[in-house]
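Residues per chain are reported as follows:
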Amino acid sequence: MPPSVTHQLTWPRRTANRVRGLSRLSPTAAAGVVIIVCFGVLALFSEWFMTHDPVSSYPDRILQGPSYEHWFGTDGNGMDIFSRVIYGAKFGFGIAIPAVIIAVLIGIPVGLIAGYRGGALDEILMRIFDGLRVFPSIILALAVVAATGQSLLNVVLVLGFLDSPVFARLVRAEVLALRSSNFVESAIAAGNPTWRILFFHLLPNTIQGAMAQTAVRAAWAVRISATLAFLGIGIQAPTPEWGAMIRQGAEFMVTGQWWVAIFPGIALIFLVFGLNLLGDGIQDILDPRRRASK
Amino acid sequence: MRQPILRAKNLVKRFSVGRSSSYVNAVNGVDLTIHRGEILGMVGESGSGKSTIGRTLLRLTDPTEGLIEFDGRDITSLSAKELRPLRKDMQMVFQDPWSALNPRMKIGDLIAEPLRIHLKLSEPDLRDRTELLAKKVRLSTEFLNRTPSALSGGQLQRVCIARAIATNPKLIILDEPTSSLDLSVRAGILELLMELREETQAGFLFISHDLGTIKLISDTIAVLYLGRIVELVPKEALFNEPAHPYSQSLLSAHLPADLDAPIQRLILEGEIPSPIDLPSGCSFHTRCPAAVDVCKTATPQPELIAQNHHVSCLRLKDGGNILSRQQA
Numbered sequence: 001m002p003p004s005v006t007h008q009l010t011w012p013r014r015t016a017n018r019v020r021g022l023s024r025l026s027p028t029a030a031a032g033v034v035i036i037v038c039f040g041v042l043a044l045f046s047e048w049f050m051t052h053d054p055v056s057s058y059p060d061r062i063l064q065g066p067s068y069e070h071w072f073g074t075d076g077n078g079m080d081i082f083s084r085v086i087y088g089a090k091f092g093f094g095i096a097i098p099a100v101i102i103a104v105l106i107g108i109p110v111g112l113i114a115g116y117r118g119g120a121l122d123e124i125l126m127r128i129f130d131g132l133r134v135f136p137s138i139i140l141a142l143a144v145v146a147a148t149g150q151s152l153l154n155v156v157l158v159l160g161f162l163d164s165p166v167f168a169r170l171v172r173a174e175v176l177a178l179r180s181s182n183f184v185e186s187a188i189a190a191g192n193p194t195w196r197i198l199f200f201h202l203l204p205n206t207i208q209g210a211m212a213q214t215a216v217r218a219a220w221a222v223r224i225s226a227t228l229a230f231l232g233i234g235i236q237a238p239t240p241e242w243g244a245m246i247r248q249g250a251e252f253m254v255t256g257q258w259w260v261a262i263f264p265g266i267a268l269i270f271l272v273f274g275l276n277l278l279g280d281g282i283q284d285i286l287d288p289r290r291r292a293s294k
Numbered sequence: 295m296r297q298p299i300l301r302a303k304n305l306v307k308r309f310s311v312g313r314s315s316s317y318v319n320a321v322n323g324v325d326l327t328i329h330r331g332e333i334l335g336m337v338g339e340s341g342s343g344k345s346t347i348g349r350t351l352l353r354l355t356d357p358t359e360g361l362i363e364f365d366g367r368d369i370t371s372l373s374a375k376e377l378r379p380l381r382k383d384m385q386m387v388f389q390d391p392w393s394a395l396n397p398r399m400k401i402g403d404l405i406a407e408p409l410r411i412h413l414k415l416s417e418p419d420l421r422d423r424t425e426l427l428a429k430k431v432r433l434s435t436e437f438l439n440r441t442p443s444a445l446s447g448g449q450l451q452r453v454c455i456a457r458a459i460a461t462n463p464k465l466i467i468l469d470e471p472t473s474s475l476d477l478s479v480r481a482g483i484l485e486l487l488m489e490l491r492e493e494t495q496a497g498f499l500f501i502s503h504d505l506g507t508i509k510l511i512s513d514t515i516a517v518l519y520l521g522r523i524v525e526l527v528p529k530e531a532l533f534n535e536p537a538h539p540y541s542q543s544l545l546s547a548h549l550p551a552d553l554d555a556p557i558q559r560l561i562l563e564g565e566i567p568s569p570i571d572l573p574s575g576c577s578f579h580t581r582c583p584a585a586v587d588v589c590k591t592a593t594p595q596p597e598l599i600a601q602n603h604h605v606s607c608l609r610l611k612d613g614g615n616i617l618s619r620q621q622a
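Those sequence lines, one after another, are chains A and B.
Position 103, counted from 1, in the first sequence is what our numbering calls 103; the numbers after and before it change by one each time, with no gaps.
Count along the second sequence from 1, add 294, and you get the number used in our numbering.
To be clear, the hints were calculated from the coordinates, so they are not data collected in a lab.
Even glycine gets a Cβ: it sits at the ideal position worked out from N, Cα and C.
Be aware that one or more of the hints could be misleading.
[Unchecked claim] Restraint ranges, calculated between C-beta atoms of paired labels, are given here:
id, chain 1, residue 1, chain 2, residue 2, range
1, A, L176, B, L598, 43 to 53 Å
2, B, D368, A, P193, 16 to 26 Å
3, B, A374, A, A147, 14 to 24 Å
4, B, D356, A, S151, 46 to 56 Å
5, B, R398, A, I124, 23 to 33 Å
6, A, A147, B, D356, 44 to 54 Å
7, A, R196, B, L372, 17 to 27 Å
8, B, K429, A, G94, 24 to 34 Å
9, B, P583, A, P193, 22 to 32 Å
10, B, G447, A, I269, 48 to 58 Å
[What the hints assert, rightly or not] A partial selection of chain B residues facing chain A, derived with a Cβ cut-off under 7 Å:
id, residue
11, R378
12, A394
13, L395
14, N396
15, E407
16, I411
17, K414
18, T435
19, F437
20, T441
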């Protein structure tokens, strides 16, 4: 029975426990879940909600205010802002989720190895990561994306890489606390090779803190990617990405066409807000110390 | 004589204290041999270096000096990687079963782990062997799907023992395996260990501070004081005629089975000295009722006083045997 010597019974029960875990969420975290689910539906099934093609321009309807035909109005290219805001949810998730996954995939193994091996390797890895964190992430992201080429893929890779120290640090701190624990020594005595100790013994016991951070770090990735787009880095203008739309709309604010920037701005605020609420809720559940201190 | 499985010569382990130049002298020149099918009991106070010896013999910590020979092979300076295949044949059971098992692994996986590492078994075979092992340590197979938090201390220690015997090792070191368990549970574990000794013909090192447990289970007993073996002796000889003053005081503190038997208490004064500043000469001289001036300067060497009975005491020949002297 792969890969564990156990019976099938256990996983439905585990899933049931997880669902029950959701009900332990605080009201604010539950609100976060609702917001994320709404945006998730919008992102996955944008086509069902959009009233127009997000990148078709109607040259005769440039900069029209909200109306029955264009609920959120039209932008400087005569594109339907409502449809563009909805389509933009794809970019929000499409950047944040892979960026966090990359950050986890780099950060957690580095944290495990650095914490377990210690010594010079630990020093070198942690100093590199400290170096990354010395610069404000937006400056570094700006520089790296500008240097590596302006593409969506580069934005995702850079954000994931820049955020990996967060996860590395969290896991490393837990590994330091556990590496001389009895069960690790008993695993060594049993003859476990290092990789088994890292992934079967240390990983499951050190990952909670890092997992609790994922939603908050996704909020960070959404914010930074929108900021980059606002600055014109990575994602370019007609793409229906919220940051890029806000940039375009910013010019029109002074002349009174508020709807161009306001609607993508509201969408951005809600998504970041929802992810942060969810992140706080997850942290409360996974980290009892934090909950107790409240 | 039975085949020796582990031999240690002049084993020394010092831990540095912070950044200063002082050391904790945990183990100070230990010679011992464990044979297959034999249970060597090691008894001593807290701080006498019992656990450190156990962990050093299995190279879980590196010895400062000395030689460790396992199954005829010098393992003193093997790397962690070179040791790994040998760990199939040398296993350990730890004192505190609650913390010795990964809390996020299932009992079945914990028991199967040594098999999975050392033997190439198919999944069905692995499962059969795991269930067999659970039965052997009298653990219900229902527990195989549970995590350690669902089991009691005695059950967890059975899991640890199942892990230790999974690969049929030639040597098992047990570091106070029963001292954290209730008396009733303790008896069951000891019984199991004695059964396993007969079945597996492995060599056992049983570390304990409890003379009663040691008496029950060991064939040979090593009495430890401040990281030195002061007396290495067959069990009967120790309980009938302990030769070293420290062994005598240990025994006199131990309640005999026959409560009416006359016992002569030999109560030691003071605490065991700090292993950072070892006493000069015989390290027991600060508390020894038989100590004379020479004990403060000369270090006693193990002497053979009867078959398989080694004692390290300078006053053996001139009446240092205080119990019999007082009785006379």
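These are the hints, each one checked on the structure:
1. A:L176 / B:L598: 43 to 53 Å: 49 Å, holds
2. B:D368 / A:P193: 16 to 26 Å: 23 Å, holds
3. B:A374 / A:A147: 14 to 24 Å: Since A374 of chain B and A147 of chain A have Cβ atoms about 42 Å apart, the given range 14 to 24 Å is violated.
4. B:D356 / A:S151: 46 to 56 Å: 52 Å, holds
5. B:R398 / A:I124: 23 to 33 Å: 30 Å, holds
6. A:A147 / B:D356: 44 to 54 Å: 47 Å, holds
7. A:R196 / B:L372: 17 to 27 Å: 19 Å, holds
8. B:K429 / A:G94: 24 to 34 Å: 53 Å, violated
9. B:P583 / A:P193: 22 to 32 Å: Since the Cβ atoms of P583 of chain B and P193 of chain A sit about 52 Å apart, the hinted range of 22 to 32 Å is violated.
10. B:G447 / A:I269: 48 to 58 Å: 54 Å, holds
11. R378: OK, holds: R378 of chain B within 7 Å of chain A, min 5 Å.
12. A394: This interface hint holds because 5 Å falls under the 7 Å limit.
13. L395: 6 Å, holds
14. N396: Hint on N396 of chain B: holds, closest Cβ of chain A at ~5 Å, below 7 Å.
15. E407: Holds: closest Cβ of chain A sits about 6 Å from E407 of chain B, inside 7 Å.
16. I411: With Cβ-Cβ at 5 Å, under 7 Å, it holds.
17. K414: 14 Å, violated
18. T435: Violated - the Cβ of T435 of chain B stays beyond 7 Å from chain A, reaching only about 10 Å at its closest.
19. F437: This interface hint is violated because 11 Å lies over the 7 Å limit.
20. T441: Nearest chain A Cβ about 10 Å off; hint violated.
In summary, the numbered hints that this structure violates are 3, 8, 9, 17, 18, 19 and 20.
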